[in-house]
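There are 2 protein chains.
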Amino acid sequence: MKLATLRDGSLDGQLLLVSRDGQRAVRAGAIAPSLIEALRRWDEVQAPLGELYAALNAGSAPGAFDFDPAACTAPLPRAPQWLDGSAFLNHGRLMEQAFNTPPIPLFDSVPVMYQGASDDFLGPLDDVPLPSEADGIDFEGEFGVVTGPVPMGVSPEAALACVRLVVQVNDWSLRALGPHEMKTGFGFLQAKPSTAFAPVAVTPDELGSAWRDGRVQMQLNVLWNGERFGEPHGGEMNFHFGQLIAHAARTRRLTAGTIVGSGTVSNVARSAGSACIAERRVIEKIDQGEIRTGFMAFGDRVRLQACFEDGQAGPFGMIDQRVVPATGAP
Amino acid sequence: MKLATLRDGSLDGQLLLVSRDGQRAVRAGAIAPSLIEALRRWDEVQAPLGELYAALNAGSAPGAFDFDPAACTAPLPRAPQWLDGSAFLNHGRLMEQAFNTPPIPLFDSVPVMYQGASDDFLGPLDDVPLPSEADGIDFEGEFGVVTGPVPMGVSPEAALACVRLVVQVNDWSLRALGPHEMKTGFGFLQAKPSTAFAPVAVTPDELGSAWRDGRVQMQLNVLWNGERFGEPHGGEMNFHFGQLIAHAARTRRLTAGTIVGSGTVSNVARSAGSACIAERRVIEKIDQGEIRTGFMAFGDRVRLQACFEDGQAGPFGMIDQRVVPATGAP
Chain A
0 MKLATLRDGS LDGQLLLVSR DGQRAVRAGA IAPSLIEALR RWDEVQAPLG
50 ELYAALNAGS APGAFDFDPA ACTAPLPRAP QWLDGSAFLN HGRLMEQAFN
100 TPPIPLFDSV PVMYQGASDD FLGPLDDVPL PSEADGIDFE GEFGVVTGPV
150 PMGVSPEAAL ACVRLVVQVN DWSLRALGPH EMKTGFGFLQ AKPSTAFAPV
200 AVTPDELGSA WRDGRVQMQL NVLWNGERFG EPHGGEMNFH FGQLIAHAAR
250 TRRLTAGTIV GSGTVSNVAR SAGSACIAER RVIEKIDQGE IRTGFMAFGD
300 RVRLQACFED GQAGPFGMID QRVVPATGAP
Chain B
0 MKLATLRDGS LDGQLLLVSR DGQRAVRAGA IAPSLIEALR RWDEVQAPLG
50 ELYAALNAGS APGAFDFDPA ACTAPLPRAP QWLDGSAFLN HGRLMEQAFN
100 TPPIPLFDSV PVMYQGASDD FLGPLDDVPL PSEADGIDFE GEFGVVTGPV
150 PMGVSPEAAL ACVRLVVQVN DWSLRALGPH EMKTGFGFLQ AKPSTAFAPV
200 AVTPDELGSA WRDGRVQMQL NVLWNGERFG EPHGGEMNFH FGQLIAHAAR
250 TRRLTAGTIV GSGTVSNVAR SAGSACIAER RVIEKIDQGE IRTGFMAFGD
300 RVRLQACFED GQAGPFGMID QRVVPATGAP
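Protein chains in written order, with numbering that gives the first Met the number 0: chain A, 0 to 329; chain B, 0 to 329.
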């Protein structure tokens, strides 16, 4: 199933089903008013949602209409938790050099993860209001999963079975603020403004063999102001999503709708490019001796779209966002 | 006003007003179904809530009943964000020694703060299920504030005017897991299981002169298994709550109901005792050459209650919790 959320001014929005071809949608409010409510009653709503999805794909769902990503919020405009890993070790190792921070202990064997704000996500085409270009504005292309309820102390294998949906993420980051916050040991806060999501969340079966080994085996195509920036592959994730969820649930239960992110998608092969600017900058420094690329300016756009290995567009739809000065920003 | 939340199986619970003497309560659902909803419509509900509160105090509120903290969840059983500072520098400096972590840069001039989970808070008398005594189970007595909506880039002075409620907090911590998470730079996650709150949230005016300079000028009385552990005073907070809120809102807006914590209440004077075990342990090491106190065992209780400077019990009610093995824990 493919699910999205129609913006209606409420905190959780209205649940939509989106057709497999991404062209049509239908309100699913008679089954569950919102995606978060569907996730809380998943066992009960899964079958009726599946029937409506089948009707939508067959062209027989009453009230279906053309799907408009611009009318959508993030699939979950707010979530119980947003927990973002750093599961592509290639990215993490490069960022240690970019930030000049000490090596993370046990980085190869224990996932690292920060707790992000989850009350105020951005939609796929929303402008991104930020206070200052001097903060080092950067995107981070990621994949993520949405869980059902997860018990405390779950195993990585059992955790993987708690995955309900797969999502595509833009984890906005402010690079001038990150190194200080890492050095405090308290983690990212100011360095992580509101996170954005592609419009469509999908059940893992929609990905077919591209959901394999607890990873999203797809390329993430990144364009910055219309120019190719990279297309790293999600399969290089060093910890799978079950391991990330189990890490998050070591000392707490997770409630339905918790979102767990992969961290910036990153490949060892330089030819893949990058899914964030900070990584390109440190690669420039390593490979060419100097940093040539600046961070984003107000007015800049980033576009993120996942593709299957055969080049076909993925089911999540597109993140396409512009950074703008926050009201009152200098 | 004094507000609390009746447990009813829903995610946000039912809004109660509690009498000034803490003895009586009345459902306020006709004005706002829950505290979070009241905070979202504060300008509109403040006057009718005030009228009902006056009637409750006068003994003329229809349907009033005896207030029972055991029937309460945290005032906000879930919140948009839980952002916990470390605004008592005495505590922070001692913890650096306890954890053997590097000095936090700019610790005297820039607040440190971590993003905690905010979807699954514990009530004031709830048992605390945790996976293992080996994790170093510890309490942390704190004060906190609940904000209205806060714009991005707010000044500390304007931020202080966004305070709607004052709360009392027990920020449960697992000390064996904290140092590693600090060293990753990604901040606390496993080291911070669900946080607990005293039953009553109060508008700042209820504190009279004990709400002064953006700080809670009260003692926090801490008993561990019935024995005196400390009574540090909230007035020694090195950053005031307006500064903490402004720090949190530097690159994001805060939505109504965001909770900002002080960090562990801590005084320079050794005679004040401590509001967490980790602090007592490092003081023992410094002053007596060896650590004598262990962390909590399953079955242990901690009681936290704020008192005015004249010794009178504060308006928040009591946190009184027992740690228990999580289901399935070894």
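Do not rely on the hints blindly, as some may be mistaken.
No farther apart than 30 angstroms at their CA atoms in a straight line, the calculated lysine-lysine pairs in the DSBU-like style are these [claimed, not checked]: (1) A:K182 / B:K284; (2) A:K284 / B:K284; (3) B:K182 / A:K284; (4) B:K182 / B:K284; (5) A:K182 / A:K284.
What the hints contain is simulated information worked out from the structure, not anything from laboratory work.
Proposed proximity, B:K284 with A:K182 (alpha carbon, max 30 angstroms): It holds: about 25 angstroms lies between the C-alpha atoms, which stays within 30 angstroms.
With a cut-off of 30 angstroms on the C-alpha distance, tell me whether B:K182 and A:K284 pass. holds, 25 angstroms
Would you check the hint for A:K284 and B:K284, treating anything up to 30 angstroms between C-alpha atoms as holding? violated, 46 angstroms
Are the Cα positions of B:K182 and B:K284 separated by 30 angstroms at most? holds, 22 angstroms
Going straight from one Cα to the other, do A:K182 and A:K284 come out at no more than 30 angstroms? holds, 22 angstroms
In this structure, only the earlier hint numbered 2 is contradicted, and the remaining ones agree with it.
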